[in-house]
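Single-letter residue listing:
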Amino acid sequence: MNASMKFDSSKLLPLVGPLVLFLLWFWVVWAKLVSPVLLPDPVVTLEHLFVSVIQGTLMDDFWSTVGRTMKAFLIAAGIGVPLGVILGSSERLYRSVEFLIDFFRSTPSSALIPLFLTIFGITDVNKIAIAAFAAVLVILFNSAYGVMNARKMRIMAAKVMGASRLQIFRDVLFWESLSQTFVGLRSGISMALVIVVVAEMFIGSEQGLGHRIIDAQQVLNVKEMYASILAAGILGYAMNVFFLVCEKKVVHWAGK
Amino acid sequence: MEAAVRVKDSLPAEPAPAFVPGPPGTHITLRKLTKFFAGKPLYENFDLDIPKGRITSIFGPNGCGKSTVMNMIAGLIPIDGGQILFDGKTLRETTIGYVFQNYRDALFPWKRAIDNIRYPLELAGRSKIEIERRVSELVASFEVKFDLVRYPYELSGGQQQTVSIMRALAPEPEVLFLDEPFSALDFEMTLFIRDKLQDIFMKTGVTMLVVSHDLEEAVYLSDYVLLLTKRPTSVSEIVPFTAPRPRDISTVSDPEFIRVKAHCLEVFQREVRR
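Which chain is which? The protein sequence lines are A and B, in order. Per this note's numbering, the very first residue in the first sequence carries number 285; after that it's consecutive. Per this note's numbering, the very first residue in the second sequence carries number 21; after that it's consecutive.
Don't read these hints as lab results, they were simulated from the structure. Do not rely on the hints blindly, as some may be mistaken.
Computed cross-link-like contacts, DSBU-like style, restricted to lysine-lysine with a CA-CA straight-line distance of at most 35 Å [said to hold, decoys possible]:
id, chain 1, residue 1, chain 2, residue 2
1, A, Lys-532, B, Lys-148
2, A, Lys-540, B, Lys-281
3, B, Lys-52, A, Lys-436
4, B, Lys-52, A, Lys-540
5, A, Lys-443, B, Lys-60
6, A, Lys-533, B, Lys-148
7, A, Lys-540, B, Lys-60
8, A, Lys-533, B, Lys-165
Beyond 10 Å from chain A on every Cβ pair, some chain B residues (computed) [said to hold, decoys possible]:
id, residue
9, Pro-44
10, Pro-71
11, Thr-88
12, Ala-126
13, Leu-127
14, Ser-161
15, Arg-187
16, Leu-285
Here chain A is said to cover these stretches of chain B; the calculated rule only asks that three of the stretch's residues, wherever they fall, bring their Cβ under 8 Å from a Cβ of chain A [claimed, not checked]:
id, segment
17, 56-63
18, 268-281
Just so it is clear, the structure is predicted and the values come from calculations on it, not from any experiment. Beta carbons: idealized from backbone N, C-alpha and C, even for Gly.
Just chain A, same shape as in the assembly (with noise of 0.2 Å):
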């Protein structure tokens, strides 16, 4: 055997956590410290998520959830990076606007449904929106500050070159800030889901996981919940990962 195949039990470390989740949720259930009407058994509930894959409706859900994230993330992205890079570039300009963006992205974002609800009524519309609105502002605060703590020394070097304001703009500010950027789009997504779902709850739609996941509530089918609520978790990871995987690829020299 030569000395590539040997395992490396390291590498196992990362299973270690939900395996220890199963078996304490696996003994809560048989020890029945909690009614199986409340919780059902981890392993029926994870056949129920691989069935409801296979034959169910999930998917469905899964990608209506999917696909209004995305809308709203990318009107988000398309707002808030450019404006962000603008606002950046103007310390002056970002100072004014500061309390305002501090303000509204303090403000939880569900505070605002009823309003986005008179405003779009109860429509698909008004899901977006209100996801994208909570997402524009991280999204944009970020890329500001990725802009605002560029390198001086890299905007000096371009300027001795004769860079114009435009081109340091360009081939510099932009560079520089998106390593912040990345961190505002990873935020900016998870914040979307966040408000997609919660939208999906509460503003009447007929799919989503936020509907099937309260739908199942509302009966009681809890192998259905836990299900929902954990396909609602690998999405979120998923995505995250997703962009962590794409900002090593951009940002290759972050860190370097």
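Once you've looked at the hints, dock chain B against the given chain A.
Here is chain B on its own, set in the frame of chain A:
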């Protein structure tokens, strides 16, 4: 009193003082240069002539503004008064190159080394053919033995500083500024880059201005060592060092080198104690 004020008001804006050129062979002229820091003058009516086609090192006590004066000449720090001209031209009309102390923060890590070198040529609006011709010219004269298609962070410190110098020289600058170009390098790379610079200087004769914190380095490389006083800064002495080029290890043990270095040190210590 009031009348005097009125007279002054009605006068046209003070005419720019007549330009006083330096002696023959002067490249950069500083006239009545003034710069304040925190309300105190760092430079006040500072005059200086920097010779053309020579290497001039700037040396002086801490806080005298060695880098500041260079950055003012290079247009990186605004001046509060006075005039800086290159052969009578303004900075805008002059092509300059600048090598920073910290190559890591000065190169663009999102561009490959070779694209970093191309960048100033692109800014100057050169054609693709011209850019490639110039880059291969640089590669040949630097005898580059590493892969320029790599990103800067994949290169060693010395290689990165080599790329910085190539980038600075790409647009064929009239003046090359170097701000402590060796201080972030290890000894081996310092020797290498120092001789590379001398080599480039002998090939091109570009005017070089070097800020240094190492006296031996400054004397070794320079035709003139500019010794500055404590603030408010003035010129203490301009010490020539005329040893023939290429200079090498034997230069360092040459009696003239030792004499010039000792003299510079003496002037420096006198300034520090003052």
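Each hint tested on the structure:
1. Pair hint Lys-532 (chain A) plus Lys-148 (chain B) holds up; C-alpha atoms about 31 Å apart against a cutoff of 35 Å.
2. With a CA separation close to 39 Å, the supplied pair Lys-540 (chain A) and Lys-281 (chain B) exceeds the 35 Å bound.
3. For the hint linking Lys-52 (chain B) to Lys-436 (chain A), the alpha-carbon distance of about 28 Å falls within 35 Å, and the restraint holds.
4. A threshold of 35 Å between alpha carbons decides the hint, and for Lys-52 (chain B) with Lys-540 (chain A) the separation of about 44 Å lies outside it, so the pair is violated.
5. Our distance criterion of 35 Å between C-alpha atoms is met by Lys-443 (chain A) and Lys-60 (chain B), whose separation comes to about 27 Å.
6. Restraint check: the Cα-Cα separation between Lys-533 (chain A) and Lys-148 (chain B) comes to about 28 Å, which is no more than 35 Å; the hinted pair holds.
7. The hinted pair formed by Lys-540 (chain A) and Lys-60 (chain B) fails the criterion: a straight-line CA distance of about 40 Å is larger than 35 Å.
8. Between Lys-533 (chain A) and Lys-165 (chain B), the direct Cα distance comes to roughly 28 Å. Compliance with the 35 Å bound is thereby established for this hinted pair.
9. Interface exclusion of Pro-44 (chain B) from chain A stands, the closest Cβ pair being 28 Å apart, more than 10 Å.
10. No beta-carbon of chain A is positioned within 10 Å of the beta-carbon of Pro-71 (chain B); the least distance is around 22 Å.
11. Under the 10 Å C-beta cut-off, the non-interface status given to Thr-88 (chain B) relative to chain A holds; the minimum distance is some 13 Å.
12. The beta carbon of Ala-126 (chain B) is not kept farther than 10 Å from every beta carbon of chain A, the shortest such distance being approximately 5 Å.
13. For Leu-127 (chain B), the condition that its CB be more than 10 Å from all CB atoms of chain A is violated, with the nearest at approximately 8 Å.
14. No Cβ of chain A approaches the Cβ of Ser-161 (chain B) within 10 Å, the least distance being about 20 Å, so the stated non-interface status holds.
15. With a closest Cβ-Cβ approach of about 8 Å to chain A, Arg-187 (chain B) is found to fall inside the 10 Å limit, against its non-interface label.
16. At the 10 Å boundary, the C-beta of Leu-285 (chain B) stays outside the reach of chain A, the nearest C-beta of that chain being 31 Å off.
17. With 0 residues having a Cβ less than 8 Å from any Cβ of chain A, the segment 56-63 of chain B misses the three-residue criterion, and the hint is violated.
18. Restraint check on the segment 268-281 of chain B versus chain A: 0 residues with Cβ-Cβ distances below 8 Å, three needed, restraint violated.
Hints 2, 4, 7, 12, 13, 15, 17 and 18 from the list above are not met by this structure, while the remaining hints are.
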